[in-house]
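Top to bottom, those sequences are chains C and A.
The first sequence runs 1 to 125 under this note's numbering.
The second sequence runs 1 to 224 under this note's numbering.
The set of hints was computed from the structure by calculation and includes no laboratory data.
Because the structure is a prediction, the values reported are computed rather than measured.
Cβ atoms here follow ideal geometry from the backbone N, Cα and C, with glycine treated the same way.
Mixed in with the good hints there might be a few duds.
[To be verified] Simulated restraints, written as ranges between beta carbons of each label pair:
#	chain 1	residue 1	chain 2	residue 2	range
1	A	55	C	9	20 to 30 Å
2	A	91	C	44	32 to 42 Å
3	A	77	C	30	27 to 37 Å
4	C	55	A	197	42 to 52 Å
5	A	2	C	13	36 to 46 Å
6	A	49	C	117	48 to 58 Å
7	A	2	C	82	18 to 28 Å
8	A	139	C	80	16 to 26 Å
9	C	123	A	111	44 to 54 Å
[Unchecked claim] So, partial list: chain C residues that the calculated Cβ filter (under 8 Å) puts toward chain A:
#	residue
10	46
11	60
12	107
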Amino acid sequence: MVKVIRIVFQVIILYLFSFIGSWIVQSLSLQFPGSIVGLLLLFVCLYFRIIPVELIKDGAGFLLAFLALFFIPATVGIMDYPELLSWAGLGMVLAIVLSTVITIIFTGRFCQYLERKLLEKELIE
Amino acid sequence: MIASMMIVGTIVLFYIMSIVYKRFTYPLLLPILSTTVLIVLILIISKTPYDSYMSGGKWINELLGPAVVSMAYPLYIHKEKIYKYKFPIILSVLSALFSGIISIMILSKLLSFEEHILLSLLPKSITSPVAIPISETIGGIPTLTAVFVILAGLVGAILGPSIFKVCRIDKAISRGISMGSASHGIGVSKLGEYGEETLTMGSVSMTLSAIFGSFIFPLIALLI
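All chains, full assembly: derive it from the sequences and hints.
Structure, rendered in structure tokens:
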């Protein structure tokens, strides 16, 4: 029970960061996702020990563990787009499949190459 | 009343499908996919419009903001390792963004998509709470982007493991970085099966990809 209260309390803190991020973005009328500003803000606060990591640890762990759940309501929105099952829709799906596969292969191989270079350099030094 | 029914129903279905997935780990049983399909079927059969589902669904959706903020936590915990590999990580995330953008532009030309479709497709590799405002900013259709983002996530989660095998992508960093920057949270949620380091690299790259993307996509949109 104590743990549940702690998680709820910490989620509220994380929600506040998200809220402050959105507020900053809106009041400066920037075209930028507020949640990312909240993320950067929280990282800075953790890094400079303005807030201790224990204050958000369980809440963040909880939200990240159920990340997939939070996407579901937006995903269900797919039902309002039956045209995705048409030929034009299949074209879009095909574009997404190909582009994503290309991105994973290219990035994975490229990253592995860079990592190896870095380790080789370390061995020489 | 309907609202709380939708909330509880979504959570319970997701919970059941997670248990089913743990038991069989078959890619098409991925909880986000199976739960979504079931909810859509239930709504269509019971003739419930999406808007009434969202009267409850929006409360779950509301947690996406704090969930994005939460990603500061793995970033903070693994800051030394990220610092050590900063160049491979940053360069790889940027290359993922650009290979995604370039391939989508070429495919859009080949398949002759209209401009608003292209603009909605561009941020597909970014986590949805960030991709949706980006889509709005650059003149895409946010709802379409939401759907495209999910699809890109599912492609990574379903095909990723086979791609890793075939293309011999076998390091924790490269697996995490490529999955996180191509298929965001949905892909990353699959990485847990490879261990904690891969999972962390995944959330690091999806976070960096969202941050870089917030700057890069509006610039790219100006060029189109």
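State, for the Cβ atoms of residue 55 of chain C and residue 197 of chain A, whether the hinted interval 42 to 52 Å holds or is violated. 25 Å, violated
Hint check for residue 44 of chain C and residue 91 of chain A - Cβ pair distance inside 32 to 42 Å: Between residue 91 of chain A and residue 44 of chain C, where Cβ atoms are some 24 Å apart, the hint is violated.
Evaluate the given range 20 to 30 Å for the C-beta pair formed by residue 55 of chain A and residue 9 of chain C. 27 Å, holds
Verdict for residue 77 of chain A, residue 30 of chain C (Cβ pair) under range 27 to 37 Å: 29 Å, holds
Taking the closest Cβ pair, is residue 107 of chain C under 8 Å from chain A? 4 Å, holds
Range agreement (Cβ of residue 13 of chain C with Cβ of residue 2 of chain A, hint 36 to 46 Å): 30 Å, violated
Against the range 44 to 54 Å, how does the distance between the Cβ atoms of residue 123 of chain C and residue 111 of chain A compare: consistent or not? 47 Å, holds
Against chain A, is residue 60 of chain C within 8 Å by beta-carbon distance? This hint holds: residue 60 of chain C lies near chain A, its Cβ roughly 4 Å from the closest one there, short of 8 Å.
Go ahead and decide if the range 16 to 26 Å is satisfied by the Cβ distance of residue 139 of chain A to residue 80 of chain C. Given range 16 to 26 Å: holds, Cβ gap about 20 Å.
Using the Cβ atoms, figure out if residue 49 of chain A sits within 48 to 58 Å of residue 117 of chain C. 54 Å, holds
Is the hinted range of 18 to 28 Å satisfied by the C-beta distance from residue 2 of chain A to residue 82 of chain C? 23 Å, holds
Interface hint status, residue 46 of chain C versus chain A (Cβ within 8 Å): This interface hint holds because 4 Å falls under the 8 Å limit.
Violated hints, in rising order: 2, 4, 5; the structure is consistent with all others.
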